[in-house]
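Visitor: Listed below, chain by chain, are the residues.
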Amino acid sequence: MRPFTYERARDPQSAVKAAAETAGARFLAGGTNLLDLMKLEIETPQHLIDVGRLPLGQIEDAPDGGLKIGAMTSNTQVAADARVRSRYPVLTQAIVAGGSPQLRNKATTGGNLLQRTRCAYFYDTSKPCNKRQPGSGCGALEGLNRNAAILGASHACIATHPSDMAVALVALDARVETLAPDGDGREFPLMELHRLPGETPEVETHLIPGELITAIVLPPPPDGGQLYRKVRDRASYAAGLSSVAVAGDRVALGMVAHKPWRAAEAEAALSAGASPDEAMAAELEAASETGRNGFKITLTARLGAATIAEAKGIRR
Amino acid sequence: MKTTITVNGATRALDLDPRTTLLDALREHLHLTGSKKGCDHGQCGACTVLVNGLRINSCLSLAVMHDGDEVTTIEGLGSPETLHPMQQAFLTEDAFQCGYCTPGQICSAVALLREVEAGWPSQATADLTGKVVLSDEEIRERMSGNICRCSAYPQIVAAIKRAAEALA
Amino acid sequence: MSSVADYAHPNPVTENRSGLIGKAVDRYEGPLKVTGSAPYAYEVTPPSPPAYGIMVPAAIARGRIVGVDATAAQASPGVLAVWTHLNVPEQAPRGTRVHPRSTAPSRPVLEDDRVRFFGQPVAFVLADTLENAQAAALLVKLAYDAETPDVDFHGQLAKAEMPPGEEDVEIGDFAKGFAEAPVKLDATWSTPIQNHCQMEPCASIAWWEGDKCVVHTSVQMVKPAQHGLAETLKIDRDAVHLMTRYIGGGFGGKGQTYDDITLAALGARALGRPVKVAYSRQHMMHGTIHRPATVQRVRLGATKDGRLTAMSIMTTTHCQRDGHFTEHASNFARSLYAAPNRLTGHRLIHLDLPGAGPMRAPGEASGMLSLECAMDELAETLGIDPVELRIKNEPEADPETGKPFSLRQLVRCMREGAQLFGWDRRHPRPGQARDGRWSIGMGMAAAIRGNFLLPAKASFSVDRDGVITVRQGMTDIGTGSYTVLAQIAAETLGVPLKDVRVEIGDSELPPAPGSGGQFGAATAGTAALAAGMNLRAAIAELAANDPASPLHGGPTEAVSFQDGVIAIANRSESLAALIARAAPEGLTVEGEHRPAADARNWSQHTYGAHFCEVGVDQVTGETRVRRMLGVFAAGRIINYKTARSQLTGGMIWGVASALTEGNAVDPRYGSLVNQDLASYLVPVQADIGELDAIMLDEADDKANPMGIKGVGELGISGAGAAVANAIYNAVGVRVRDYPITPDKLLGAMLAG
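Chains as they are written, first to last, in our numbering: chain A, 2 to 317; chain B, -4 to 163; chain C, 51 to 802.
None of these hints come from the bench; they were simulated from the model. Owing to the predicted nature of the structure, the values given are computational and were not obtained by experimental measurement. Built from N, CA and C at the ideal position, the CB exists for glycine as well. Please note that the accuracy of each hint is not assured.
[Claimed, not checked] Ranges between beta-carbon positions, derived for each pair:
hint	chain 1	residue 1	chain 2	residue 2	range
1	C	E558	A	P135	52 to 60 Å
2	B	T6	C	A598	53 to 61 Å
3	C	A801	A	G184	58 to 66 Å
4	A	T126	C	L207	28 to 36 Å
Looking at chain A on its own, in the form it has when it is part of the complex:
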């Protein structure tokens, strides 16, 4: 790791202020992704602001019947919360499908959303990668890209977002609360947090520099079934090839795009009376194959249809 200075944030306001005022500053929460990347010098912050002990570790009932999940809650804490388990089971299912118990004990809700891709070319610093080193090219485009994006990719980047939790949160129509360096808070749909790669895959979210995620807000649980399913190359502790979250009438897809993917076309088709298979076909009309990842289109169509059917109790 490159040398860096370290401070422990006292409160959210001073954390965002320090982040804005210190060159090369980064927030450090659980550290499970950032430190992994710092060891490889994929991330080279000069200053770490440890936000892990900020008083953002609570899960509170919201007045509208939803839940407010502090950004520093651990993944384990959220998955094990009795309210989440009974009212948002898709969220628990998604969280426990990711990482390992050790990682989930340390990883935070905010950090999980901001974790970076597992693309092998991003991780190998001897290879070109526009996300790691803007302008260097994309090693994956013509490489061994079996697990690359099938939706919303660009010629600059075909990486996917690896989070399981975020897929469920998108299906639950979650919103994000943040604090900006100027002290202003804002709230917006989680769907609007992440960006597609376009020409600037190194810019992964719409957060402004120094902006800190402080909470995730869940609306009251939707009517109808919830279910998360993930496909991967081994039974546990592995990145996904594809995942699907269903929450009532909403559907989201994971590991298929640069962001957790809200399957709006599928939802529209379902509400118009289409079958789960037809709905997934509608969603994946826009899907495209790059090299070796074509199977993910088929896989996602099948997984999506089966998961929707199971969540909704539709016999196929």
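Dock chains B and C against the given chain A, drawing on the hints supplied.
Guide: What follows is chains B and C alone, placed relative to chain A:
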């Protein structure tokens, strides 16, 4: 940076490079080499220790993040003369071969029993609102963050069941 | 020179009076391992605080280093030295063997400007702390003149050549036999590069005591490591004291040393302080050897009633540009099934990849993935049960050499396994069994792995407390060497296990070949038995000549050893009393064993049968192993517990070969795409369902005086094929390109 960590019940005052991971602080500074470095990236679980009772990958944590924390390593569970029931169960069931992943497995297994007791769900938990039962399937899923390349997996499941009985 | 006939004489191990042999005793070093107090190489406490070394891996696969800029690294905090080929301390040229009997030649580090493979260590940084060394290593700037690497194995199969010094083995007339066969199978399987992924990355710590280099490292074979380092450093072999007491997994990948040991030794000499060096996990993937990929063409010809008339397996594989390692994936087939017309052989391609080398059951692990599936396909074509097809082709003697088998219980393994597993519940037609969303299938495969015995020595001591100490330059890589040596010693000298000490993993102890080729227990154990017998004789002599001993006057050949007591009929005393009185300094004797010259007159193997039940997700093509059972015949088992662990571990390796493991090569860069444990998928706990191994009660009196064989590699042999066959039985499609990942399997299922 000055950091104070309670390790296996003893308060240790350390002056560390901020880059020093909790794992390297234990191994290189405190000479507690029971926690192993298998991958240094949270991909194997050999470095698993308990921090304030929770299992984490000590390789993916800076030591300075743990100022004031209580850390339990394999050395804090038992010694060759006085084995912890989980250590004894691993020995009895031959739940290891080369032994390199073993301290991490045992720390993980000790935490697993508490997590099941607390009713925390896993991917193997079918009924998320019901009681969690210590089935083989639950053990397998919950131990999947600890890779054993010698592949003592069946023996590890047996050891955890044995220890759970001994501790019950 | 001993003869196999001598092996039949009873000895304390075969007599097993105290019943220790075969007993499932706990691992000797187990209490240390479960408490984290067994020091692996990097953890050994040096005499003074160590400096930390970090290697810089090459970022290209082939070319030359044309520029070195170490300025920033040198100026980085705490840096003590930065080395490249331009300034590395002097070493012997590659391949030097000053001592004609050195078991390994020199292998200099940072040798020259040539880059031979991606990840080759090309620079080395020494610093006061690990953090400073790691940071500085990333500041070493190297300019390369890169050449296009040639790594395209599958694109060059036609260019493969006969491995040096080999020829195809043909018995009968394969072409004619195959052409005339009423039923034929001709199919090709491929297996990928695999990496050992030992949990402990290779590591060394070294310091100098005057002219003597003390080094602790992680290596399976002591003498070649010691000799190779001495040759490289241009010092006497005795000036290297090498220790490797606890080894965090080997699997063949630590059968040799790597640059960490040489750099630690050179660094320690240059700095005058201890130096420790470890490979990173990422660096292990490229920086150490791998199991090479193979393409195997299998042709089987059979009569309609299931007798093989022609059999061929031809393997093409690869190794590094300047290497000669060949993955002998066809060899096992030479002893497995009867068929009058047979053709087996290998072809080799040289590529700009890291070194190919042995990995657990080299040959069998890859080769049985083809032939044992081919047999399953043939069984289906013929409408014969796969177990019965194999039994129909059971040879009476070795089908190629005609030599008698020393002991072959393959059929019994298959029959007992079938019964215990419930094989009769398998639907012969695929795709018949369901469990919710899962398609269920069962498959089986045979297992065979050669048995070897090598020369070895050992020493035995007894002290005034009656404690026996075994000393041997053997290693324990998780195999159970410590434990089986303790059991052999206890049984041979008639003392309880608690009165035995085992010291291994040290170049200053009597040499043994180490761990590899599943020859470890038999080889080390046979030498230990010999040394133990010599100690018995010495003790008997001592007692007979000691007027104060009740055993005075002998006869020495009548002395019995049991429960720490030596006796002749009703005259007895404790071993401790004798030694304390008559040899208070203790007694130490050596023993050695050289394999019988006539052992080659028998075809010697270990055998087994795997049975597996899988579920395949009908929607996603994901496969999960639900149940697996192996039944094995591997001679007398010294320790049922450690042997079973070796076998189940091997079986799980087979599951991984079938389902998840493999390195993909990016031909543009000549590097492996998956470089860590998040992307190179070894099984996790959740991948393995109910899985067990059982061992037949047998002893092979042609193997060695104890009748024991190896188990370390038998478990993987054939295991993956049983999984693949179960997948076929579940869903009715074959994927012959391993591993059988969801993308491949789902694709095949949809193609129908």
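Visitor: Against each hint, give a clear statement of whether it holds in the structure.
Guide: Results of checking the hints against the structure:
1. At roughly 57 Å, the beta carbons of C/E558 and A/P135 sit within the given window of 52 to 60 Å.
2. B/T6 and C/A598 have their C-beta atoms about 58 Å apart, which keeps the hinted 53 to 61 Å range intact.
3. Take C/A801 and A/G184: their Cβ atoms lie about 60 Å apart, and the range 58 to 66 Å holds.
4. Distance hint check for A/T126 and C/L207: the Cβ-Cβ separation is about 33 Å, which falls inside the suggested range of 28 to 36 Å.
Hint compliance for this structure: no hint is broken.
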